[in-house]
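Peer 1: Chains A and B supply the protein sequences, listed in that same order.
For the first sequence, position 77 matches number 77 in our numbering, and the numbering has no gaps at all.
For the second sequence, position 32 matches number 1032 in our numbering, and the numbering has no gaps at all.
What the hints contain is simulated information worked out from the structure, not anything from laboratory work.
Misleading hints may appear alongside valid ones.
Stated by the list, open to error - To be clear about the criterion: a stretch of chain A counts as covered by chain B if any three or more of its residues have a C-beta under 8 Å from a C-beta of chain B, and this derived list gives those stretches:
(1) 6 to 19
(2) 49 to 63
(3) 71 to 83
(4) 88 to 95
Virtual Cβ for every residue (Gly too), placed ideally from N, Cα, C.
Read off the chains here:
2 protein chains.
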Amino acid sequence: MARSNPPFMSGVPELLLLRLLAQREMYGYELVRSVRVATRESIALGEGVIYPVLHSLEKSGSLSASRKSVGGRSRVYYALTRRGQARLEELQGEWQRIQDGVRSALEEPLHAAT
Amino acid sequence: MARSNPPFMSGVPELLLLRLLAQREMYGYELVRSVRVATRESIALGEGVIYPVLHSLEKSGSLSASRKSVGGRSRVYYALTRRGQARLEELQGEWQRIQDGVRSALEEPLHAAT
DNA sequence: CTTGAATGCCTATTTGTTCGAGGTATAGTG
DNA sequence: CACTATACCTCGAACAAATAGGCATTCAAG
């Protein structure tokens, strides 16, 4: 039943994946765990979220994919491209802006006389 | 051309409106300006975003609406209900969770040996 | 007295992304 | 042989934000 647009999640999967892949290249299944760990269990993304985002980032040139065989297992490793680095910086800026705005609004005391 | 899903905005309009209305009751047109001010110009929401959210919050019982005439102008004032207060707290918690998770992920140094 | 800006409300449509549920296949363990 | 973990994938539903419009009123300027 796909309750789809949980608050505050739009753009987050893309940002997290780009950011994790800026540290080292990884494969999809690995990223599922990495997201949980990196966000300290605050955010968990299913494979149904990860793979489509990975594919769209590859198509847009932000990631490069390479199939590798590791211990009898076939994996698709994704690495950040120069374009992906730029996209990451763009998204970080956006995140900062939104986050600052929301913080300002939330900080405002409830019964301000100002 | 409705570039629709800008990153990181899902849930934000609802959160901001509930939060502003927790301070005092306001009308739609006023909220358009209030959002800009409260977020220090970081976030600007058009009327096309504000009004639909207001209506849906009223329908769900988070806001109560009352038509008032002020200086020859007819305005629809919205006030936070008890249910709206609860919804605000719920959203704030969600925001905190996502924000913490993203912060954790972004903080991680790029070349961690850990 | 007419024009335009500002106020004030509203809706239809586009867009595209997240999500759960499902499906496939292989490796390794009991 | 069954079962779990690994590893990849796709589909459809749900849904919310944004733009671009439209309507009506008030008020100031020319």
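Peer 1: Tell me the numbers of any earlier hints that the structure contravenes, in ascending order.
Peer 2: Hints 2 and 3 contradicted; others consistent.
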